[in-house]
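Novice: Hey, can you work out the whole structure from these sequences and the hints?
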Amino acid sequence: MVCEVQYGGRITDALDRELMSCYTSLWINENCFQPNYNFMASVTDFAYTLPDAQEHPKYMEYINEMPGTDNPPIFGLHPNADLTFSLKDSIGMINTMLDTQPKDGGGGGGLSREDTVKEKIEKELLPQLPPDINPLDTAEKLRSLKGPKGLGESGKYDLIPLNIFLSQELQRFQMVLGIVRGTMVSMIDAIDGNISMTPEIVDSINQVYDFRVPRKWQYDPTGAEISWLTVSLAGWIKGLLDRFHQLNGWINKERPPSFWMTGFFNPQGFLTSMK
Amino acid sequence: MKDVIQGDDGRIEGKTINAPNEGVYIHGLFLEGAGWNRPEKRLEDSNPKELYYQFPILHVSAVSTAIPTGGAPGAGQAARQRAIEAEKALYQCPVYIYPRRNDKYLIFRTGIKAEQAGAPQGPNKGMTAAMKWKLCGVCLLCSKD
Chain C
1 MVCEVQYGGR ITDALDRELM SCYTSLWINE NCFQPNYNFM ASVTDFAYTL PDAQEHPKYM
61 EYINEMPGTD NPPIFGLHPN ADLTFSLKDS IGMINTMLDT QPKDGGGGGG LSREDTVKEK
121 IEKELLPQLP PDINPLDTAE KLRSLKGPKG LGESGKYDLI PLNIFLSQEL QRFQMVLGIV
181 RGTMVSMIDA IDGNISMTPE IVDSINQVYD FRVPRKWQYD PTGAEISWLT VSLAGWIKGL
241 LDRFHQLNGW INKERPPSFW MTGFFNPQGF LTSMK
Chain G
1 MKDVIQGDDG RIEGKTINAP NEGVYIHGLF LEGAGWNRPE KRLEDSNPKE LYYQFPILHV
61 SAVSTAIPTG GAPGAGQAAR QRAIEAEKAL YQCPVYIYPR RNDKYLIFRT GIKAEQAGAP
121 QGPNKGMTAA MKWKLCGVCL LCSKD
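Heads up: the sequence lines are chains C and G, in that order.
For reference, each letter of the first sequence is one residue, going 1 to 275 in the numbering used here.
For reference, each letter of the second sequence is one residue, going 1 to 145 in the numbering used here.
It is worth saying that the hints were derived from the structure and are not from the lab.
In silico DSS-like cross-links for lysine-lysine, where the CA-CA straight-line distance does not exceed 25 Å:
1. 120/C x 238/C
2. 216/C x 123/C
3. 238/C x 144/G
4. 238/C x 88/C
5. 238/C x 118/C
6. 88/C x 104/G
7. 144/G x 113/G
8. 88/C x 144/G
9. 113/G x 49/G
10. 144/G x 49/G
11. 49/G x 88/C
12. 104/G x 238/C
13. 238/C x 216/C
14. 120/C x 216/C
15. 141/C x 253/C
16. 104/G x 216/C
17. 216/C x 118/C
18. 144/G x 216/C
19. 144/G x 104/G
20. 238/C x 123/C
This one's a predicted model, so the numbers in the text were calculated from it and none came from an experiment.
Specialist: Here it is as structure tokens:
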């Protein structure tokens, strides 16, 4: 009852509610009224109990006795949870430090920031990009892409739900690929002085220099996500190639026996169309 | 009729596999918050310092979860009882795209086996296996960062 009416704060969706009802059914029940009730009997370094007292000071005394930091097992978590928490903390700190690094200056000796980025794009990134996907070719291939067990009609295989899904994924992939190629080319042009430097291009150059993913590749102008989120540029490019590999193999050969769901833009759509 | 996803397929990666007759196979998921007992196809406590576990291939298919109601005593009753028991042994594990867990990145939930058959009750009263994993925050992730 208590948990069903809780809303707000940390409890905002159905899963939070489920967790809350899990805690309450575990801890708020008749058992607490028994003497020496222990909330988490498997935790041994401190006994979390209800103090058996009527007076306020007794409670205060008990509260002061509690350990300063709570261990994850009290909440039923594995000790590894502490590790995850510390990792997140330090990654956050390192990112803040990266942001405070000076972007220009340095000067003298070696390549300038712009030249480094230009060389990196020309020699490493651009040649790695997969070829553009031709929508006409795709439609042609989809029509002859057979479904399993004689599903669909000959010549109309593009109407099989999973094949429709595939064509949508290919369209979105091509959209991202177009943006990426476009930004890379305009970064080079801007560095060469062929087009004027916009704040957006400067941002992209800085991000490539820092081995981070240009914002334009991950979000559209409204701030909605258009691709996968990764921390490093290398990880993002690898994601691009892996995704291309899966989609390309699917359209050109056949439906793979096992799908890499991470590589889909719309995994919910995938699960819906496979039914 | 509701779709449920069955996830206790402990296939070893690297073997050539054929597409299933019904539904699809999915690979490349990571298990966070617990370890996986491959031979018994169930959750177990994670090893210290092992934050993620590469999850075996998952077989996703649509099946009916409607628990057969009432019906004639005998066969119908037994089937109903079995369905309820099977449901209890599963932990409804959420699957997310990124470790940042919220509604936006939730894809679906899959039932995975939570308990060893006939495991002794832990020291915490009234805690079921599914509850234990719920408190552990066990989930499957598509990507580790």
